[in-house]
Amino acid sequence: MKVSLITPERRIFTDREAEEVQVPSRDGYLGILPDHFPLMGTLGVGILELDGKDKYAVEGGFFQFERGELIVLAKLAWRPEELKKKELKKEREKALEVLRTSSNPEEVERASYQFTRASVFLTLFKA
Amino acid sequence: MRNLQEFRRRIRAVKDLIQVTKAMKTVSAARLRRTQNKVINYKPYAGKIKTMLSELAYAIPDAHPLFAPTGEKAPLLVAIAADKGLCGPFNYNVIRRAQEFLKEREGVRLMTVGRKAFEGLRRIYRVERNLSGIFQKLNFSHAKEITEFLLSGYYKGEWDSVFVLYTQFFSVGRYYPTVERFVPIPPFEGEAPREFIYEPNLKDVVEGLIQHYIELEIWRILLESSTAEHAARMIAMDQATRNAQEMVRTLTLQMNKLRQEKITKELLDIVTAIEAMKKSQL
Chain B
1 MKVSLITPER RIFTDREAEE VQVPSRDGYL GILPDHFPLM GTLGVGILEL DGKDKYAVEG
61 GFFQFERGEL IVLAKLAWRP EELKKKELKK EREKALEVLR TSSNPEEVER ASYQFTRASV
121 FLTLFKA
Chain G
1 MRNLQEFRRR IRAVKDLIQV TKAMKTVSAA RLRRTQNKVI NYKPYAGKIK TMLSELAYAI
61 PDAHPLFAPT GEKAPLLVAI AADKGLCGPF NYNVIRRAQE FLKEREGVRL MTVGRKAFEG
121 LRRIYRVERN LSGIFQKLNF SHAKEITEFL LSGYYKGEWD SVFVLYTQFF SVGRYYPTVE
181 RFVPIPPFEG EAPREFIYEP NLKDVVEGLI QHYIELEIWR ILLESSTAEH AARMIAMDQA
241 TRNAQEMVRT LTLQMNKLRQ EKITKELLDI VTAIEAMKKS QL
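Chains as they are written, first to last, in my numbering: chain B, 1 to 127; chain G, 1 to 282.
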């Protein structure tokens, strides 16, 4: 199937061939194979993975699969080399600190989102 | 202007003016490059979101009230121009197009964006809502604010369709005011699947997509209008610089002529005096 990853600011890639794609939907990962039923969904925060090799960090947006073409419209997306391990670790620690100390439900919600985001993106750096 | 000093003063004043118009042109050119790139990069994404939404409208026409075709009996017009002038006919073109729209249709509700649109239209029509002073520091929250206004009125039944009037940008020399119908959202024209799996569910996908689509389209339109404004101002300031340079040339020419006349006259006086002295010596 053909896969494209596009954000409002740029095209990360278009029409790349892949046999199997893992899409981070809002409610968990979806595996898509070329003969999948037509699909529309909301994108969560996570790693878009092509054939288990090419990985991209995405955050928010939508995706659509139909007639052998998967289009991922991410509000934000990065190639792994564009992310900084140090910054993500710092973000994760900050979020963890808030989770330990705060009791404000809004703050806790934001921090737990930040924690998940940083943790998921950090998996890109493990060998 | 009979004396040289006055000429010099005027030439100096026009030269100062040239400095201002040149600086404004440079600023507009820099801003134009910045917004222009944003608009160009944004287009593929916007196009895909629109296709996705229209395919959804095609697959399930009653999935959302915004998909239902309406009679356009009570339209809302959002007229977008600039906050500032000095950009040639840019603002005037938008206002004139708005006047046409208001004449063609009845029962139009009007929202203006940009101070010049508000000032130009409030004299002839009731402005329901106005958003001014945003173009200096344009950001996404402005798009959100406009979206919220037009959607809330639509859901309350205050209007049954939304039209946006703005200046479309093609290139530095080509930009035209245009009216785009925003809602309702027309279904996809052509072949598309009738059935999809919706993840996590239809309601979340439809509502998320619509909100995102309208916010992004408004954002794109604000950027595009602002790009066209910078282009218009750049051209207007370039023209002003040229006119001022032409004026300096004319004034300098006139001044030189005057000076020449003065010198000739003085020479004449001296020569006459000498001749007179010669005669008296004889």
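These aren't lab readings, by the way, just hints derived from the structure by calculation. Since the model is a prediction, treat every value here as computed from it, not as a measurement. Treat the hints with caution; some may be incorrect.
[Said to hold, decoys possible] Simulated coverage check for chain B against chain G, where a stretch passes if three residues somewhere in it have a Cβ under 8 Å from a Cβ of chain G:
(1) 20-33
(2) 36-43
(3) 95-109
[Unchecked claim] EDC-like, lysine to aspartate or glutamate: derived pairs with alpha carbons at most 16 Å apart:
(4) G:K43 with B:E9
(5) B:K75 with B:D51
(6) G:K48 with B:D15
(7) G:K38 with G:E217
(8) G:K50 with G:E217
(9) G:K48 with G:D238
(10) G:K144 with G:E215
(11) G:K48 with B:E9
(12) G:K137 with G:D62
(13) G:K73 with G:E119
(14) B:K55 with B:E82
(15) B:K55 with B:D27
(16) G:K43 with G:D238
(17) B:K55 with B:E107
(18) G:K48 with B:E93
(19) B:K53 with B:E9
(20) B:K75 with G:E215
(21) G:K203 with B:D35
(22) G:K38 with B:E9
(23) B:K75 with G:D238
(24) B:K53 with B:E81
(25) G:K203 with G:E106
(26) B:K75 with B:E9
(27) G:K48 with B:D35
(28) B:K94 with B:E107
(29) B:K2 with B:D27
(30) G:K25 with G:E215
[To be verified] Some chain B residues close to chain G (C-beta under 7 Å, calculated; not the full set):
(31) I6
(32) E9
(33) R10
(34) L50
(35) G52
(36) K53
(37) L76
We put the CB at the ideal spot given by N, CA and C, even for glycine.
Hint check:
1. 20-33: holds (count 4)
2. 36-43: holds (count 6)
3. 95-109: violated (count 0)
4. G:K43 with B:E9: holds (9 Å)
5. B:K75 with B:D51: violated (23 Å)
6. G:K48 with B:D15: holds (14 Å)
7. G:K38 with G:E217: With Cα atoms ~13 Å apart, G:K38 and G:E217 stay inside 16 Å; holds.
8. G:K50 with G:E217: holds (9 Å)
9. G:K48 with G:D238: The hint is violated at about 38 Å.
10. G:K144 with G:E215: With Cα atoms ~6 Å apart, G:K144 and G:E215 stay inside 16 Å; holds.
11. G:K48 with B:E9: Roughly 14 Å between the alpha carbons, so the hint for G:K48 and B:E9 holds.
12. G:K137 with G:D62: Cα-Cα ~39 Å, so violated.
13. G:K73 with G:E119: Not OK: G:K73 and G:E119 at ~26 Å, beyond 16 Å, violated.
14. B:K55 with B:E82: holds (12 Å)
15. B:K55 with B:D27: violated (19 Å)
16. G:K43 with G:D238: violated (29 Å)
17. B:K55 with B:E107: violated (30 Å)
18. G:K48 with B:E93: violated (37 Å)
19. B:K53 with B:E9: Violated, at roughly 25 Å.
20. B:K75 with G:E215: Measuring from Cα to Cα gives roughly 12 Å; hence the hint holds.
21. G:K203 with B:D35: violated (25 Å)
22. G:K38 with B:E9: Cα-Cα ~7 Å, so holds.
23. B:K75 with G:D238: Violated. B:K75 to G:D238 sits at ~38 Å, over the 16 Å cutoff.
24. B:K53 with B:E81: Answer holds: B:K53 to B:E81 is near 14 Å, not above 16 Å.
25. G:K203 with G:E106: violated (34 Å)
26. B:K75 with B:E9: Judged against 16 Å, a Cα distance of about 9 Å means the pair holds.
27. G:K48 with B:D35: violated (22 Å)
28. B:K94 with B:E107: Holds, because 12 Å separates the two Cα atoms, which is no more than 16 Å.
29. B:K2 with B:D27: Violated, at roughly 24 Å.
30. G:K25 with G:E215: Judged against 16 Å, a Cα distance of about 31 Å means the pair is violated.
31. I6: holds (5 Å)
32. E9: holds (6 Å)
33. R10: Since chain G brings a Cβ to about 6 Å from B:R10, closer than 7 Å, the hint holds.
34. L50: At about 18 Å, which exceeds the 7 Å cut-off, the nearest Cβ of chain G leaves the hint on B:L50 violated.
35. G52: Constraint on B:G52 not satisfied, violated at 21 Å.
36. K53: violated (24 Å)
37. L76: Where the cut-off is 7 Å and the nearest Cβ of chain G is about 12 Å from B:L76, the hint is violated.
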